[in-house]
Each structure stands twice: as C-alpha cells, then as structure tokens.
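Below, each chain spelled out in residue letters.
There are 2 protein chains.
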Amino acid sequence: MKKTSISYDPGGWIIRETGYTPDDTVSIGSNFMVGNGYLGYRGTPLEWGREQYAACVVTDTYDMADGKWRELCTVPNALSGRLVIDGAALEAAGADTVFGLDLAEGRFFRTQETAALTVAEELVADQVDLHLVARRVVLTAVRPASITLQAGIDSDIWSLNGNHFSRQQWAVEALPQADHASGLLRCDLQTGESRIDISVGHAARILLNGQPVTNESVDITNESWHGIGQDFSLAAGDRLELELYMAVYSSEDGIDPVAGVRTSIQRAVSSGWSQLMHESRERWQQFWEATDIRIEGDHEAQVTTRFNIYHNVIAAPRHSDRLPIGARGLSCQAYQGAAFWDQEIFNMPMFLYTDPGVARNILAYRYHTLPGARRKAQRLGYRGAFYAWISGKTGDELCPDYFFVDVLTGRRIRNHFNDWQIHISPDIAYAIWEYLEATGDWEFVEQMGAEVLFEIARFCFSHLYFKKDKDRYETIRLLGPDEYHENVDNNAFTNYQIQFACRAAVAVYERLQRDNPDRLQEIVRQIGLEPAETDDWRDVVDRIYLPQPTLAGQLIEQFDGYFQLEDVFPQEVAARLKDPGEYWGWPNGVAVATQVLKQADVIQLFVQHDAFPIEVQKANYEYYAPRTQHGSSLSPSSYAIIAARVHNRQQAYDFFMKSNTVDLYNTNKAVSGGTFIGGIHTAACGASWKVLFNGFVGFEIENSCMRFRPRLPDQWKSITVPFVFRGQPYRVTVTAGDVLLEFGGDPQHITDLPKVLIGDTEYTMQESLRVPFASGGKDD
Amino acid sequence: MKKTSISYDPGGWIIRETGYTPDDTVSIGSNFMVGNGYLGYRGTPLEWGREQYAACVVTDTYDMADGKWRELCTVPNALSGRLVIDGAALEAAGADTVFGLDLAEGRFFRTQETAALTVAEELVADQVDLHLVARRVVLTAVRPASITLQAGIDSDIWSLNGNHFSRQQWAVEALPQADHASGLLRCDLQTGESRIDISVGHAARILLNGQPVTNESVDITNESWHGIGQDFSLAAGDRLELELYMAVYSSEDGIDPVAGVRTSIQRAVSSGWSQLMHESRERWQQFWEATDIRIEGDHEAQVTTRFNIYHNVIAAPRHSDRLPIGARGLSCQAYQGAAFWDQEIFNMPMFLYTDPGVARNILAYRYHTLPGARRKAQRLGYRGAFYAWISGKTGDELCPDYFFVDVLTGRRIRNHFNDWQIHISPDIAYAIWEYLEATGDWEFVEQMGAEVLFEIARFCFSHLYFKKDKDRYETIRLLGPDEYHENVDNNAFTNYQIQFACRAAVAVYERLQRDNPDRLQEIVRQIGLEPAETDDWRDVVDRIYLPQPTLAGQLIEQFDGYFQLEDVFPQEVAARLKDPGEYWGWPNGVAVATQVLKQADVIQLFVQHDAFPIEVQKANYEYYAPRTQHGSSLSPSSYAIIAARVHNRQQAYDFFMKSNTVDLYNTNKAVSGGTFIGGIHTAACGASWKVLFNGFVGFEIENSCMRFRPRLPDQWKSITVPFVFRGQPYRVTVTAGDVLLEFGGDPQHITDLPKVLIGDTEYTMQESLRVPFASGGKDD
Ligand SMILES: [Ca+2]
Ligand SMILES: [Ca+2]
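From first to last, the protein sequence lines stand for chains A and B.
Quick note, our numbering runs 1 ahead of the 1-based positions in the first sequence.
Quick note, our numbering runs 1 ahead of the 1-based positions in the second sequence.
Since the hints were made in silico from the structure, they are not lab data.
Please note that the accuracy of each hint is not assured.
In this list, chains with the same sequence are indistinguishable; a pair is considered to hold if it fits within one copy or across any two.
Quick list of in silico lysine to aspartate or glutamate cross-link-like pairs, DMTMM-like style, CA-CA up to 20 Å [unchecked claim]:
(1) K756 - E743
(2) K69 - E567
(3) K4 - D655
(4) K471 - E531
(5) K468 - D540
(6) K468 - E531
(7) K469 - D490
(8) K468 - D543
(9) K471 - D540
(10) K469 - E531
(11) K468 - D490
(12) K469 - D543
(13) K659 - E297
(14) K468 - D536
(15) K469 - D536
(16) K4 - D97
(17) K659 - E301
(18) K718 - D655
(19) K619 - D780
(20) K4 - D299
(21) K659 - E623
The following block holds chain A by itself, in its conformation from the complex (with noise of 0.2 Å):
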C-alpha cells in the first residue's frame, strides 16, 4: 500500500514525503540516504545526529567492538550542523517539512518554511570522488530574522555494537587555494580491533546574498563536536548559502587517509557547489541512459523502479573488486555490511546486463576472499572452497553460532546458518557460469572463476554423502533458502545448485584443457588438484539426487519428508505465537513442524533452472505460494518471477509491487528490541530489476541465444529495458502486442549473434526487430 505521505513528480524521478513525524525517522534516513559504493550517506538534515540515526558508514573499515558482531564503521559526521532562528533550533516537523530524494541525480533534499524565511537544503555523495560528501542549506528569508549557524564535525555518532574507536584526535589546518572557506577541521581515528586508521575531514563556505563571508575559526563546543559558529541578520529577501564539505579515507584505501582528505576538502571547496553537483551529474546521466527501465502506463511502478535500480547501484563497490555488497548496502551497520548470497543471485544480475564491470567486481571479490572459504572448509572438516554465510574484507565467517534469542525463555539460540546453509557455494559458481554465458568474458574465468569454481566443487563434494544402497549423492543437514527448517537432507534447491556447479567446474575444467592447458596445469598446481577429482565432479553430476516431481500432483519436495510436516498457512502458525517477537524458525518455532516456509525455496529453483515443464512450475507455484510467509524481503520478487512465467499477471505485479515498496512504504518497526532493522533490503532492489528482465520481459539465455517470453502486467503499456549481452548494447520493448529488440551497437556486430527466441519462434537479429507476441491476455 503506498504511503499517502508520499507523492511522484510528474517526470517520474522525484519522490517527496511530506509532513514530517519521528516515526519517519528511520526510513526517510534510509529511503534518501546518497551514497556512492564507497560510502553511504543516510538522507539525514544538517541538524540530524545520533538520536536519528544519522551515518556516514564506510565501505572496507571492518572492526569488531563488542567481541561478536564484526561490522563496518560509521564516521564521525563532518555535514553536521544547526541553525537558531530568532532564537529556536531548526527542526523537521510537521507539514512544512518535505524530505525526498532526486533519483536523477542522486540529491537527497530537504524543505521547509518557517515564518522567517525558507529552508532548501541538499545533500549529495559524489560521484566523481568517491570520499566526498556535500551538503548545501540555503536560506532565503520573507522578513526580517537573526540567523546563528554552527557546521561541524559530531564524533558522537550511532554506531550499532559499540564504539568501534580506541584512538581519536582533532585538527585544523589551513586550506591554501581556498578563498573564503573555513580551515580543514579533521577528526583522525583508528579502529580498536583492526587498527584502521581513519581521517574524516570537514570544510565549510558561507555566502550571502553570493557573496562569500569570511569565516570565524574553529570553536570547540564540546568533547565530540568540533565546529564553527555565526551569527547573521537576515533581512527580508537575503539569502544565506552554507555550503559542507565532508571528505573521509581509511588506511584500507591505499593512500595516506589524511593526505587524501586534503585532497579531496581542496579539491571540493575549489570546485565548489556548482562545478560538483555539474560533475556529479553527469555520471548520474551516463548511469541512467545505460540502466533506466521505462514502464508507460503505471507511474507508481516506474519511479518505484527507479527508486530500486538506485539504492541497488549506490551499495555496489564499483571502484573496487575487493568488497562485497552488503545485505543492507551502506544505508547502515545492519546485517555487518556483509555479503549474503543475495549479492549473485539478486544484486549481480541488474549489474551483469547493465555495467558488467561491476558484475565482474562482485565475483573477482569471491576470488579474492577464497583463502577466507578454505579456512571455513577446513575448520568445518571439509574441502574446497566453503563460502561465508557472511562475508565481509576476508572472506571468513562473520555469522556468530548464537544471534537470536527466544524471547519466551531468554536462551539464546543456536542457529546454522553459518554451518549448515551451503547454498551459497554453488550459488558463487552458479553467477560465474552466468557471468560466462552473458558476457562472454572468457578471460576472467581463466584468471580467477576457473579456481573459484575447482574449489567449490572440491567442497560440494567433500560434503557429499553417497548412499550406497541408493546408489546415489545425498546432501545432508542443510538450511536451504527456507530458513525455518534446518537441519534438513536432500533441499532440492541445493542439490540442483550443486550439480549444477560440478558440471561448470568440469566444463571449465575441459575448456582449459582445450584451450588452454598452461593455464590449467598452474590452477592444478596452485591448489593441488588431483585428476581423479574431476572424475568425482563427473559422478556427482550423473549421481547426485535431484528430488523429481510427485507423479500425483507433479510437486516437487522441498525436503526428504516435507510434505510430512503439518500442512498450515502462515495465517495459523501465527496464530500459534504466545509473543510476537518469537523467532518462527529452527530449534523449536512455530513453523519449524509445519510446512510453513519462509521465503522461496522450490520456487527458487525454478527461478534459477528453468528446465522443468511449465505445468510442474505451475503446479508447485500454487502449492507453495499460500504456504510461504515471506520472511525474507528475497522471496516475493522470486514469486513475482514465477508467476509471471506461469502466466498468472496479476499475482506477478502483486508480488513484483510487494517488493518493488518494501522500504519506500515500509511499515515495519525500524527498531525491535532495542535492535536496529531498519536499511535499505538491496537484494530487493536488485530483484526489482531481474523481475522486470526476467520474469515481465521473461529473458532467459538458452544455449548461448537470447531468448524473450514476455508477460505484461494489464497496468502496463509496455516496458523498455535497456541491456547489454556479450559487450553488445541492446533495448527490448515490449506491448501487449509485440516484442521490438533494438540493436545499439556498431552494426556490424549483429551478425555475431546466433539467434534470438521470442516465444518459440527463432529470429535472426537486425537493427531493429519487431515481432508480434501476445504478452498480455487472460491469465491462466
């Protein structure tokens, strides 16, 4: 349901909340946040501190405070500030107040109007230098009003599980080519645990009426706040520019951290307002002509979208291949800034067909974090390559054994997530295989997917049990993507997963051998791979038990003996809480008896293999649709995807619009327990984008051709989506009617393309191919 407080401009690239309430708090710091894959900045006024959650978190600064959870920091706030008017602070209140956020352009806004005057404030992570953040508050005063101002640097910041500083010291300095800006005020720390150093550097400009006013020197106003303080006497009509300027580095960014504030505050106040937002700006431009998705008809729909391809593309670390993207991006310290396998199955592939550097990124980061998977194998007693169920700088596992607590008895509960869940390794080689069948880039698999992928399947089969008696693989004691039920054999999902992993390790592993056997004999070396292994990746592939459809009923189980367990809905199994804070899953949650699940599981599989009968992927859709509860902010946008491809429209705009709005109406606590939930869900974001692509526009490769099997929603008059496949830039456009695919490449690339499917019918491609294709209709 679409939150009345919020209204779209007319252009679609504008969202405005208006009316202003604490309740807001969370998610307008989170909804507006800017950020740039290096930081993220929450969308929080000049006035905003630690009580609203105001944070600059930063990107590769891990640190663990508290002996348990291992996180990225939050930075002292150096856009930090405060504005008396006629003697009252400034606050955001009521419905004067209209916060929002310009997707065009990255800009957080914030406007109000007092009797005094009018507040236009700006904020913006930019994207030329990644380090830099800058705020603009203009003032233009309707009377006569005395107007102190105070910017700075608040050390007093919001951090989740403690204060991540053991060191931290202040300075000012002169900025020489900076005519009329304050000093560089700086604030330097290091982490306790991980001995980060920080420098966090803050400068401030100030004109009137244009004209710059020459500013006072530092004040200190307390122990944590560091800043400059004036005083002005508006007349009607003045206008009063302040304009922040927030740089930040870490010792992890390879340059000297105060060195590169320097730069980056001389850089900022020589440029100056304009000249960035104009920089900054045009990336904005280049990004969205690449990726913007148009959908004609529905305006919800399209800036939702919009609103998700943004916070998808402002958590991803573009500038480095080295980091993950965290569950919860950089819109806070939430879920550790950590990647989950939500970063390949529903971040990457907005980033494969739209900036495949990026997608590149992403996987070159498993690579390098894959010492990080062998301790895990090897401590766990297996194989290979075991990837982190949290994955932060290194690789290793960042899941504790114990994080939920059962709020009837008080005990903490051991949950496996970090032990059991082994989807994510098979997940890791099943991106790189679609990395390899999307872009082509053949080089990358030989440089590092190649190992990457020896290794998950040396640890896929490490934890293979073979049944003799059954002649067959068999995984044991899993979570699968339903998390309600651990301790679970033969998950379906996982187990397609696997074979699906040890058949691309053995073709890579042939390909190699083909093409380049050097290469190969310095991978075997590297890791010690045996010959016989292959053979055993060959095994598990013929071998290994792949649940198959129910003769009755054509289901496939999720699990050995799910369909076994108590057949309720979710409605009933809540019904069953004696709190509503109980957790619903394993050892002993509401769910755990019953096949209530949490989040696709099944359904997943037949996102991630579509190689079932339709009628199967119908008849499981239906089963297990009513029984899932949606848990996870993962699972709608798999259902959407589903029943698009099942031809049931509306339930697939349903669920595509449930996840498209799961943080712009989100309506959930922010705060539970004392715990932060709040955050932007970026594997939502990005799952926005692979529903519209995948499911909406049904794109699927399918050997080696691109195929389209559309289904448009009846609110919809088409939907454009721009895309790239093996280097070679293309638009797809579909109607109810047809299905036009636009070459935007050099020409003489066409031909390189083997064939495109649209439905069932083969075409060869030209610039522009227009093909009639019923997408709309009844649905099924």
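Got chain A sorted already, so can you dock chain B with the ligands onto it with the hints?
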C-alpha cells in the same frame, strides 16, 4: 545413602521399612511388589486403592486409551478390602507399621499393632500358577474388639494414560469344590482399542481361630466395588484369618479368560494358603540356588544385590517368548511395559549366565517382532530391521514424536528417540552373538537369530552413508546412549556396535553356508537376500569409521565435534536451569551445547568391547566420569564395571552401590508435574548382577574361553557367583588373594572347556580350581 527407616534381617533376605508416612507410598508399592513375569502386583496392603497407586499390571494387555500412549493395562484389584476395628478403619501409619519384602520367597508383608490387635498381612504372586495372586491378613486380638471385614474387587483403578476398558461386567458364581470359601466374584472387561478380553476373579476364605467361617453373599457396595462384608466380635487371643485369591487372564493367553479364572481360583481355594505358599516357595528356592550371589563382609551390598536380582527376575517373561521386559517391569505402567535396549544390554546378562532359557525368550521376542521392526525401517526409508526404541507386543514403534514439554514455554518438544537412536538394532545383534558365545546354542541362531542378524545388518547398511572423500562409512544424525546430545554424527558407541553387528551377520552367514546351506537358502528366499548384500556387510566391517583414541590424551571422542563443546561439569550446568523441571537435552536444554552427558557412552563402548588398551580405558574413564550427570539409571553400573576394570575399586564400589540402591533408597519425587515416574528401574536391577559378574569378578569371554580379572572392593571378604557357561554349571569365588572356580556339572564334561584365563594366565579346568590372584590391594 541408606534410608534410616530401612533395615535388613541378619540372614540377608528380609527388608523392612518402619514408620510409614504418605511420602513412602510410591516407593513401598514399587520396591515391595510381588510378581512372576506374567503379572506384577504392587506392594500394597488390603486397604490401598487408586490413590495409593495400588495396581496389578498384567503383561500382554497393550491398549491405547488416549491416542498417544500404548501401555499395559492395570486390572481391577481383586485383593481389595477394608478392616474396621472398633469403628475405625485400619490405616497404615506411623511407627507401628512395618512394610517389608521377604526376598527368599517373594513375599510382601505388612505388620501393624493397634491398641486392640496385631495385624500380619502377606501377599504373594504365585510362581506355579502365574495368573494367581494371594493375600492373607491375620488379626490377633490383644483385647476384645469388634471387627468389620470387607473383601472384594475394586474396579476403580489407577491407570496412567486413560481408562482402557470400554466394557465391564460383573458376575458371581458358586465354587463347587470350595468348602467354606466365598463364591467366585468376577469382573469381565474388554479393552477399548485393542479389544482384548480380560477376566479378573476373586474368592475369599475366613477362618476364626482356625475354623472356616461361612461366608455372606456378595454385596454391591457401590458401582465400582463389589465384595463381601462381615462383622466379628473378637475376644482377647482370638485369631481371625482372611485369605484372598485373585486370578487374572486375558484373551492373549490362549484360553478363554473366564474359564482360566475359574480354574485358577478353584485350584487356589482347593489348595489353600499353606499348600500354595509351599509350592511357590519351592520355586523360589530353586531360583536362588541357581542365582544367588554371596557377598561376604558387606551385609548392605548382600541384601540390596538380592533385591535387584529379585526385581530383574519378576520382570522377565519366563513363560513366553513373545513378550518384552518392560523398562519398569510390571511395577507400573510407566514406560508402557515395553522393551528398550535395556532389555538386551542390562536385563539379559543375568539370565544368559543363570537361566539361558529366559535369555532365549528375550531374543526370540525380537525374532517374533521382526515384522514391526521391518515396518519401522520401511516407514523411515530404510531396509531390514530398525527395532522400535519402545517395543511392545508387535515391535511397532510405541515412542511418540512428542513427549516432553518445555516447562519454560509450555511448548511440546520433538525428541528423536524414535527415529535417530539407531543403536537399538545393533545392540540386539550384539546380544544374539553374546548369547551364542555364552550358551553355544547354534540351533537358536539357525532357527531365529540368523534372520534377525541379517535384517539388522541390512538396516545398518541402508542407514549408513559413505564418504567418498574419506573412503569410509559414517553414521549421521544419531542419538547415542547419551540422550542429551541428539543429531550427532559418528557416535563412537554406535559405530563400533554397527561394525560388530555386521561382522556377526557375516560370521553367521558363513557358518550357515558351511553347516546348513538348506536353512540358509530358506532364509535367503524368505527375506529376499541378495548375495551382494553380504559383501556390503563385509565392506562395512572393513570401512566403517571407528573413532580412535586421540594421540594426545588417548581420548575417544563421543561423537564428531564433542570435544569442541563447552567443557563444563554437571553442577555448573545445573546452576543454569531457570526451572528445576527443565529438560536438559535436545533441542535447547542446558546440556546441549556442553560436554555434559546424561549417561555412559564411550564408557558403555568399553563395557561392550573390551578391545582397548587399559590406559585408554582409564584415560577415558577419568575424562568422562566427572562430565556425566547420570540422568539415567543405566549409567552408574557401566561406570562401575569400567572403574573396576581400570582398578579404581573404591569408585567402582560407589558406582555399584549407587546403582544397587537406586530404587530401594529412592529419594526422588515419585510424581513430577502430575506424571507418575515411580516404579522399578529393572535395567539397574539387571545391571547389578552384571557389575558383580563382569566388573568385580571380571568375567569376560575371550576367544571362546572364560577369563576372570577380578577386582575385589576392600569392603568385601569374598564374592561367590553361580553361573552357567555353555550348558555347564560353575561357581566362582573371589577373595582378595585367590580365585576359586568350581565345576558343578557331570565331571566328564570338564574337559569340554578349552582353557580358563585368570588374569593373564591360562589354566586347565578341574572340578575345583583354586588360583592365587591379587584382586584387592591399592587402587591405581
Ligand atoms: Ca539461464
Ligand atoms: Ca565379550
């Protein structure tokens, strides 16, 4: 700690408990019960009813009244009555009341002195006619007194899990050959679910100063109580005797229950009390001659040992080879009157070496319940025979999925005793092999044992997983003997037992092939055995993973990962309980994530497989003992055996006495949370004999020879154990300085025995072989 209210006669056969208080109600009824393997009648006086847990439990009457618990029935109490003395009903109370048990003749008694008279009451379960129980009450007036006497059948009976009778009918008939006895009063019933007909009969005879008194006719006193009532005026010195006879039959006994009751009651009243007592006592004498263990120098150990032998024998079905020994025998309905692994591992050894026919019955019962074990295996996806964790008449699993409730949440707990505690099957194979070794009864193996062994090996193979990367079979997702840790892999005890079971199956297969190929072919056809299956079993023998002692510390890990669990002791874990009633085990109990174990597990492995160097056994004993909570009554006896073996005689003695007195000195609550948990721990009773013979006498079969490695506690001058080995009777006496082995059979058979090992020295058997051997001395 000895209960101060308990005393023993100097002869060592009579136990008395003086000064009854209501707290003793349950333990007196259990400890002083009478029985004969067909029925158990709790040690309760005439006037006790359901409130005092008076009960007659009858074997082979399984019925399920509550949809959950299938259990034996308690039948109407046909030895019920009341004595009113000068207007006040006689009630057991205070210092004047003595309850007791005469072990020599299986006789419960109560004596009581009132102001007017002395009461001497006796109760016996007949050993000739197993359907008969008799009670006599003798009143001797010390001053004139008026007496009202009632005797009859009380059908308002105590039943643990619901009323088992859907039909109940009363009848009275004359007893033609019963001078001066009452008529036969009958209560005929039918069980509601299992449709078993049961008939209970009652007759009474009253004598005043030795002269029979003519009976009144039956009075219906109320709906549920039928019987006679009669008044007497006694003069000082008068002696009034009341003889009551109860007979019970069920339609499972193979004759019409009503006809059976008639015959038994007729015989009883014809024979009369003295004759019945005489015949029954003779049976007890024969029994004790073959079974009594003499302990010189420790009266308490002597009497309590007899107490345990007594309870082991009255629990055992010597009359049938189709019935189990209940975990609480016939002392109550708790544990459903059904067999656990206790039966083979703890109850059987005494019979194996004193009355092998009973051991054969027990094992034949497992043969007859093969169909139930096959059904369980099939239902859970296995082949062969997966024996029930709780096994009643048919061998189908009686253990429900849910039986504990989490006291902190009120939620039921899913325990996996019924599907993960697989060692029950190889335990039965182990017992069959032990039976063959001890008795040489190959005919039993041919006829029954072989098929059981094959089906167990088949089950084990179908349960095992093969780890190709480790080239070994593993067991996955188990409960071992230590039931606090469910869901473990490679429980050492279980893996060794499986190897043993598969080796036994192969050995028997090969011997049949050689000695009786026709019978082998019959079995092969019967169970569809493929020749390749025996290769599978051989492969398991060769390649099952057998956890070995660690290099550092010589410890065997109880299961994979045990040593990684939190290393705390039971008392620390107990301090974490939020409620004293919390279950310690799976899935969330206080012991689960710790090394605290419920009962002997690796130590049990040593009890059954004395194949580890003594230093290894010692190291493990010292490691596991302080970590064992002994939450099971099976635990101390196994620790006692290994303590003796590693020459820690004082601890062995302490563990032995703890086990030996678990029931007699019971200070546990008998009723917990409304659930009756009293009753006799029959496995501990059987274990008592086992500790003496295998622990202190140190008996072991090694390469088909008897071996003795005695360890005599300092408290004892000597211990003498009669036993049967390969059909020949022996008697062994151990003193601190020597071992005396006497042969009690036909002297010409002495030479049949190959050799005897005492300590490490070989001897040739003689009619009387006395060998110096230091079994006392300083503990290691
Ligand atoms: Ca595909
Ligand atoms: Ca033995």
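> From the Cα coordinates, with 20 Å as the cut-off, is the pair K469 and D536 best called within, between, both, or neither?
Replying inline: both (18 Å within a copy, 12 Å between copies)
>> At most 20 Å between alpha carbons: which applies to K4 and D299, within, between, both or neither?
In response: For K4 and D299, only the intra-copy Cα distance (16 Å) is at most 20 Å; the inter-copy one is 85 Å.
> Are the CA atoms of K4 and D97 at most 20 Å apart within a copy, between copies, both, or neither?
Replying inline: Cα proximity of K4 and D97: one copy only (18 Å, versus 83 Å across).
> Should K469 paired with D543 be assigned to within, between, both, or neither, using CA atoms and 20 Å as the limit?
Replying inline: both (14 Å within a copy, 15 Å between copies)
> Under a CA distance limit of 20 Å, which applies to K4 and D655: within one copy, between copies, both, or neither?
Replying inline: within (16 Å within a copy, 73 Å between copies)
> From the Cα coordinates, with 20 Å as the cut-off, is the pair K468 and D543 best called within, between, both, or neither?
Replying inline: both (14 Å within a copy, 17 Å between copies)
> Is it within a copy, between copies, both, or neither that the alpha carbon of K469 lies no farther than 20 Å from that of D490?
Replying inline: Cα proximity of K469 and D490: in one copy and across copies (16 Å, 18 Å).
> When no copy is specified for K468 and D536, does a C-alpha distance of 20 Å or less occur within a copy, between copies, both, or neither?
Replying inline: Classified as both: same-chain Cα gap 18 Å, cross-chain 15 Å, threshold 20 Å.
> Quick one: K756 to E743, C-alpha cut-off 20 Å, is that within a copy, between copies, both, or neither?
Replying inline: within (14 Å within a copy, 95 Å between copies)
> When no copy is specified for K469 and E531, does a C-alpha distance of 20 Å or less occur within a copy, between copies, both, or neither?
Replying inline: between (24 Å within a copy, 14 Å between copies)
> When no copy is specified for K471 and E531, does a C-alpha distance of 20 Å or less occur within a copy, between copies, both, or neither?
Replying inline: between (27 Å within a copy, 15 Å between copies)
>> Treating 20 Å as the Cα threshold, decide for K468 and E531: within, between, both or neither.
In response: For K468 and E531, the Cα distance is within 20 Å only across copies (18 Å; inside one copy 24 Å).
In summary, this structure violates none of the numbered hints.
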